[in-house]
Amino acid sequence: MSSFFSTRLLLPTFIFATCLSGVVQAADQATLNVLMRMQTASQNINYHGTLVFLQNGQVQSMRVVHKADETGRFERLINLNGVAREVVRKDNLVICYMPDSKEVMVSRQKFEGDINVLIQLAGNDFTELQKNYEFTLESMERIAGREARRVLIQPKDNLRYGYRLWVDDKKSILLKSDLLNERGESLEQAMFADIAVVDRIPENLLQPTSTGDGFTWYERESDKNTSMILDSEWKIEPLPKGFTVSSRFRHHILGSSVPSEHWVLSDGLANISVYFEKFTDAQEAFEGVSSMGVANAFGILNEEYQITVIGEVPAGTVEQLAHSVVFASGVEK
Amino acid sequence: MINPSDERLSALVDGELDEQEYQSTVVELLACGENCKTWGRYHLIGDTLKRNLPKGMDYHFSSRVMAALDDEPTVLAPPSPVKSSWGQRAAGLAVAASVAVVAVLGVQLMYQQDEQTLMPPRAQAPTQLSPLSRQQQNIARATQQSLRDNIQTVIQPQSSTTMGDTRKSIKQFHPRLNRYLVDHNQQAPRAAVQGMIPYARIVAYPNSHRILIQAQK
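As you go down the protein sequences, you meet chains P and Z in turn. When we follow the working numbering, the leftmost residue of the first sequence carries the number 1, and every step to the right adds one. When we follow the working numbering, the leftmost residue of the second sequence carries the number 1, and every step to the right adds one.
What the hints contain is simulated information worked out from the structure, not anything from laboratory work. Where is the CB? At the ideal position from N, CA and C, for every residue including glycine. Among the hints, erroneous ones may be present.
Claimed, not checked - Facing chain P, according to a computed beta carbon distance under 10 Å, are these residues of chain Z, among others:
| no. | residue |
| --- | --- |
| 1 | 22 |
| 2 | 45 |
| 3 | 181 |
| 4 | 184 |
| 5 | 185 |
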């Protein structure tokens with residue numbers, strides 16, 4: 001399942017993990033090994049199955065086909081109930097077919113420069129992660145007719161969410177995943193109802209059902225206008241415990257006439273975005289906290305700037321972060 | 001009408017009948033309600049002895065399944081021999097069982113309403129990748145306008161449903177935030193331990209893709 005890692009990171013990560021394994025306690029090492037095997041499983045295993053997805057009390061089931069070999073990584077998800085919405089993915093190219101609205105979305109996912117959990121889990125950063133999360137190898141459980149090892153990733157404070165993962169004992173495929181809120185309750189759940197690990201995936205299983213003929217096609221603009229930021233007028237003090245700034249860049253977010261400054265904060269597992277955008281339309285200004293699905297957001301106004309903090313973390317975290325934003329150059333003047 | 005004896009029913013349950021006896025017993029069993037009950041009791045006894053019973057029993061399960069099967073629309077097909085009607089019933093049972101599994105998950109499908117609210121005007125445009133033709137742009141604009149009109153309805157059910165008590169102080173999702181949410185998902189992907197889940201979300205919830213289109217104004 002975890003196929004969103006840059007392939008080229010894989011090998012160095014493995015070597016890195018091996019070299020640094022001495023730093024990690026034996027019990028933790030066992031957990032780390034399970035997670036590492038899970039990360040690499042997506043690189044060379046072919047499977048297809050039925051995934052059940054549960055969020056906000058709504059359930060959907062979808063067919064998943066996954067193929068990974070020397071020609072690249074392919075994935076296809078198709079909704080099994082109601083409208084046959086479908087996502088077909090080949091390496092970084094993602095095409096979403098939406099037959100209900102006769103629309104097709106084409107986008108390319110960038111991996112370069114992103115904080116990659118592989119590195120975090122593999123290296124000495126695992127001990128960094130352990131400052132914020134407790135990793136526990138739990139008992140075996142049967143998922144989709146297969147034996148799975150349960151791994152609990154529990155936050156040590158209420159600034160972040162937790163995870164419970166069920167990893168196939170033999171093939172290390174992620175069979176089930178829970179996102180847990182501050183009280184350990186499930187916010188989002190994905191689980192294979194059945195899965196078949198196969199030697200090869202027939203080509204026809206990867207073909208989209210829809211041709212997209214007669215659909216409206218949308219392609220997300222490339223991020224050629226993105227530039228890294230070296231010196232920012234903004235400061236975030238203090239950063240939420242355990243989070244560091246992993247990248248800062250300037251780019252136009254969709255539908256915006258002015259460029260935004262975008263900071264990405266990460267604790268190794270959870271990511272938070274902070275946007276600084278000079279607002280052109282005062283009516284669009286937004287203040288306060290809001291939520292959608294598992295994401296929380298907090299808006300605040302500062303020096304004619306709309307500051308928006310958004311991430312899959314508890315509402316308290318985005319709020320605290322928003323109040324820690326300081327217009328640094330303004331202070332110095 | 002010839003009723004199969006209790007002895008033969010017992011042998012049927014235990015799988016001790018030969019092919020011919022099996023067929024005739026099944027035909028007779030199907031023809032008589034009382035035999036069905038006896039047959040069911042024998043299975044219950046067998047399961048009890050083998051400790052195969054679940055902790056909680058639904059004693060009306062089979063009658064509800066049968067009622068559901070009776071409600072099924074008639075399939076226009078050539079008449080089939082008695083034996084295959086068992087096959088049909090078995091298939092019906094399998095369907096009923098899988099529905100039961102979903103029910104056990106304790107979840108409700110609230111999609112129909114969602115999708116009705118979301119249905120935008122049908123956009124018919126020639127297949128073409130970016131840049132969009134003038135016609136496509138016009139259609140896209142019309143679609144976006146409709147989405148803008150709908151966007152509050154789109155977001156409201158999500159933020160106001162199950163989170164309820166835990167998020168009392170939270171306002172409804174501001175339309176402006178959609179763009180940030182999409183951008184955040186694209187630029188700062190979710191914890192990668194969760195793998196393909198962002199894509200599962202796209203397939204499961206059309207909102208995410210609608211937000212993308214809405215943002216491309």
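Restraint satisfaction for residue 184 (chain Z) [CB to CB of chain P, less than 10 Å]:
4 Å, holds
Chain P contact restraint for residue 181 (chain Z) - C-beta distance below 10 Å
Holds, about 6 Å.
Closer than 10 Å between Cβ atoms is the bar; does residue 185 (chain Z) clear it against chain P? Give me holds or violated.
8 Å, holds
Does residue 22 (chain Z) meet its interface restraint, that is, does its C-beta lie within less than 10 Å of any C-beta in chain P?
Cβ of residue 22 (chain Z) sits 30 Å from chain P, so the hint is violated.
Holds or violated: residue 45 (chain Z) as interface residue toward chain P, Cβ cutoff 10 Å?
With Cβ-Cβ at 29 Å, over 10 Å, it is violated.
In this structure, the hints that do not hold are numbers 1, 2, in rising order.
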